[in-house]
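Asks: Take a look at the letters that make up each chain.
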Amino acid sequence: MNRLKVELPGLSLKNPIMPASGCFGFGKEYAKLYDLSVLGAIMIKATTVETRLGNPTPRVAETASGMLNAIGLQNPGLEKVIAEELVWLEQYDTPIIANVAGTLMEDYVEVAKQISKSKNVHALEINISCPNVKCGGITFGTDPAVAAELTAAVKAVSEVPVYVKLSPNVTDIGEIARAVEAGGADGITMINTLIGMRLDTRTGKPVIANGTGGLSGPAVKPVALRMVYEVAKHVSIPIIGMGGITTVDDVIDFMSAGASAVAVGTANFVDPFVCPTIIEHLPEKLDWLGINHVSELIGRSHR
Amino acid sequence: MIRKERMKVIEQNEIARNIYELTLSGQLVEEMKGAGQFVHIRVSDSYEPLLRRPISIASINHELEQFTMIYRAEGRGTSLLSIKKPGEEVDVLGPLGNGFPVHEAKKGDTVILVGGGIGVPPLYELSKRLVENGVKPIHVLGFQSHDVVFYEEKFSELGDTHIVTVDGSQGHLGFVTSVLAELQQDFSMYFTCGPLPMLEALQNMYPKKKGFLSFEERMGCGIGACFACVCKTTEQCSVDYVKVCSDGPVFPAGVVHI
Ligand SMILES: Cc1cc2nc3c(=O)[nH]c(=O)nc-3n(C[C@H](O)[C@H](O)[C@H](O)COP(=O)(O)OP(=O)(O)OC[C@H]3O[C@@H](n4cnc5c(N)ncnc54)[C@H](O)[C@@H]3O)c2cc1C
Ligand SMILES: Cc1cc2nc3c(=O)[nH]c(=O)nc-3n(C[C@H](O)[C@H](O)[C@H](O)COP(=O)(O)O)c2cc1C
Ligand code: FES
Chain A
1020 MNRLKVELPG
1030 LSLKNPIMPA
1040 SGCFGFGKEY
1050 AKLYDLSVLG
1060 AIMIKATTVE
1070 TRLGNPTPRV
1080 AETASGMLNA
1090 IGLQNPGLEK
1100 VIAEELVWLE
1110 QYDTPIIANV
1120 AGTLMEDYVE
1130 VAKQISKSKN
1140 VHALEINISC
1150 PNVKCGGITF
1160 GTDPAVAAEL
1170 TAAVKAVSEV
1180 PVYVKLSPNV
1190 TDIGEIARAV
1200 EAGGADGITM
1210 INTLIGMRLD
1220 TRTGKPVIAN
1230 GTGGLSGPAV
1240 KPVALRMVYE
1250 VAKHVSIPII
1260 GMGGITTVDD
1270 VIDFMSAGAS
1280 AVAVGTANFV
1290 DPFVCPTIIE
1300 HLPEKLDWLG
1310 INHVSELIGR
1320 SHR
Chain B
193 MIRKERMKVI
203 EQNEIARNIY
213 ELTLSGQLVE
223 EMKGAGQFVH
233 IRVSDSYEPL
243 LRRPISIASI
253 NHELEQFTMI
263 YRAEGRGTSL
273 LSIKKPGEEV
283 DVLGPLGNGF
293 PVHEAKKGDT
303 VILVGGGIGV
313 PPLYELSKRL
323 VENGVKPIHV
333 LGFQSHDVVF
343 YEEKFSELGD
353 THIVTVDGSQ
363 GHLGFVTSVL
373 AELQQDFSMY
383 FTCGPLPMLE
393 ALQNMYPKKK
403 GFLSFEERMG
413 CGIGACFACV
423 CKTTEQCSVD
433 YVKVCSDGPV
443 FPAGVVHI
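Going down the list, the sequences are from chains A and B. In this text, residue positions in the first sequence follow this note's numbering: the first is 1020, and each later residue adds one. In this text, residue positions in the second sequence follow this note's numbering: the first is 193, and each later residue adds one.
Some hints could be false.
[To be verified] Partner residues aside, some chain A positions facing chain B, computed with beta carbon under 7 Å:
hint	residue
1	Phe1043
2	Gly1044
3	Glu1048
4	Leu1072
5	Thr1076
6	Pro1077
7	Arg1078
8	Val1079
9	Glu1081
10	Ser1084
11	Ile1090
12	Gln1093
13	Gly1236
14	Pro1237
15	Phe1288
Keep in mind that the hints were calculated from the coordinates and are not lab data. Ideal Cβ placement from N, Cα and C applies to all residues, glycine included.
Based on the provided sequences and hints, a complete structural model is requested.
Replies: In structure tokens:
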């Protein structure tokens, strides 16, 4: 029996660990370090219809136990992602979750329609929560009615299950979660980054060229955990949790709060081997907890 | 191949004010190809500070499986690094990036190596390799003031060395460009690492010469995955952008839009 296997809509995961979108590119760099087939899944960098060159630099800044980023959804564009990146990823026995972004609703629909046809894309992650682009992104993620409408529009064209990635930059995360569930989402991924700022103390000016950036890393874990816990009470669709996950204990916490699987973002920059390391040590922790199968962890806090 | 290894501190010395020379040993050294590559260092096992610090490789000793870095202890990360003692371990990811193309210079050539501040270190390994290949390097090294000057003697052993300080407290007064303007010798190409205004000045000064510039940018992953360190390219370049960490940090003159 595989103690780590988790079944989610569209996704048969050999373990519940996957790199988060934007923190793993399209896998090529990490493939030089380890075999990507060990991963439960891979969430690829946000893909938009057109090529995006992103924001000016500096795009990242370190903060207390975390970092800010304002990459600006830089990606080679839909056509290239499908023809080059996804085809290259086919050599691995790992399902791909394609992160879909855009400016207008039509953009999301177009990307979803095309990218969901790729052989190894087993699910979509609709990014309605990117804080670093002027239009689109987060504007879809803060209004429940708009979020539901976008979910339904994407759902109508996608050939694979649709997960919606929620923004933590809202007053009532439960309300948005219920809205996307009603819109037909097959699952929820959360959280994206928290909008933040860092100033250069000498000049008083923002360190990041974009002014604001998205906060991630261990610093956001308590916020992310609370939100996963909250959303798990409100919806019946599965949650892929993320936000500061760095260790096996973090994984246990997110699953206990209600996540069925987890994603690791910023921690990949600190230790590029973090995902395989967590996967390797997860069984020992299950032993320690006296738990047979990882799925027994899901929602433990609520029972 | 890129490796991650806990390397052992062999030696650490303050060689100028707040400038540290740190020698580490470990198998990762086997992978080091040449001058201008860098390593990404995690200075603490905790979450503080979180990100790794990119530092250039200043010299490589394959026989002893050791390499040396020279860095300025300034912020939280480098200050913590500077208190590591011999026998302690440092978490190193590397070697990263593409270094200086040493073989562009041919035996008998004269080349100039221009460094500014903490951009000077990678030029040391470069100069050693050039000399091994029978190339004659001329060093022009700029610093803020006399108390932060380092490696003058070591560079002098390899070739002519001109020290420049902004306040004139050691060597020539002013910037590297003022020394370069008066340089009599002709040269076939230049190699440089330092602050952006210096790289720009050099590129403008020698539009017809072959040159190789090493860039700095804020980094996340250091391996090409996060798009943090992206630079725009000039019109003459076939790609729209380059990543300093994995495409660079060294680029031929005219590639990066400064
Ligand atoms: C390819 C490359 C090679 C380098 N080689 C050397 C070297 O040989 N010697 C040396 O002294 N310095 C070198 N630097 C600069 C060095 O990375 C920074 O001085 C260092 O990261 C500052 O860290 P800190 O803890 O002192 O500062 P903090 O202020 O604590 O740093 C905060 C964050 O900003 C980043 N950061 C701050 N300054 C820089 C900078 N100039 N470049 C990139 N990131 C920065 C840090 O990495 C960290 O993530 C190099 C930079 C690059 C990109
Ligand atoms: C550099 C960087 C780039 C990111 N890019 C994306 C992206 O393209 N799409 C997306 O949905 N989330 C993106 N994110 C957010 C992460 O996927 C994740 O939701 C967030 O960072 C929280 O997890 P962490 O604390 O483990 O990093 C990015 C995060 C970082 C740090
Ligand atoms: S630092 Fe991540 S791409 Fe260069």
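Asks: Against each hint, give a clear statement of whether it holds in the structure.
Replies: Tested hints:
no., hint, in the structure
1, Phe1043, "holds, 6 Å"
2, Gly1044, "holds, 4 Å"
3, Glu1048, "holds, 4 Å"
4, Leu1072, "holds, 6 Å"
5, Thr1076, "holds, 6 Å"
6, Pro1077, "holds, 4 Å"
7, Arg1078, "holds, 5 Å"
8, Val1079, "holds, 4 Å"
9, Glu1081, "holds, 5 Å"
10, Ser1084, "holds, 4 Å"
11, Ile1090, "holds, 5 Å"
12, Gln1093, "holds, 5 Å"
13, Gly1236, "holds, 6 Å"
14, Pro1237, "holds, 5 Å"
15, Phe1288, "holds, 5 Å"
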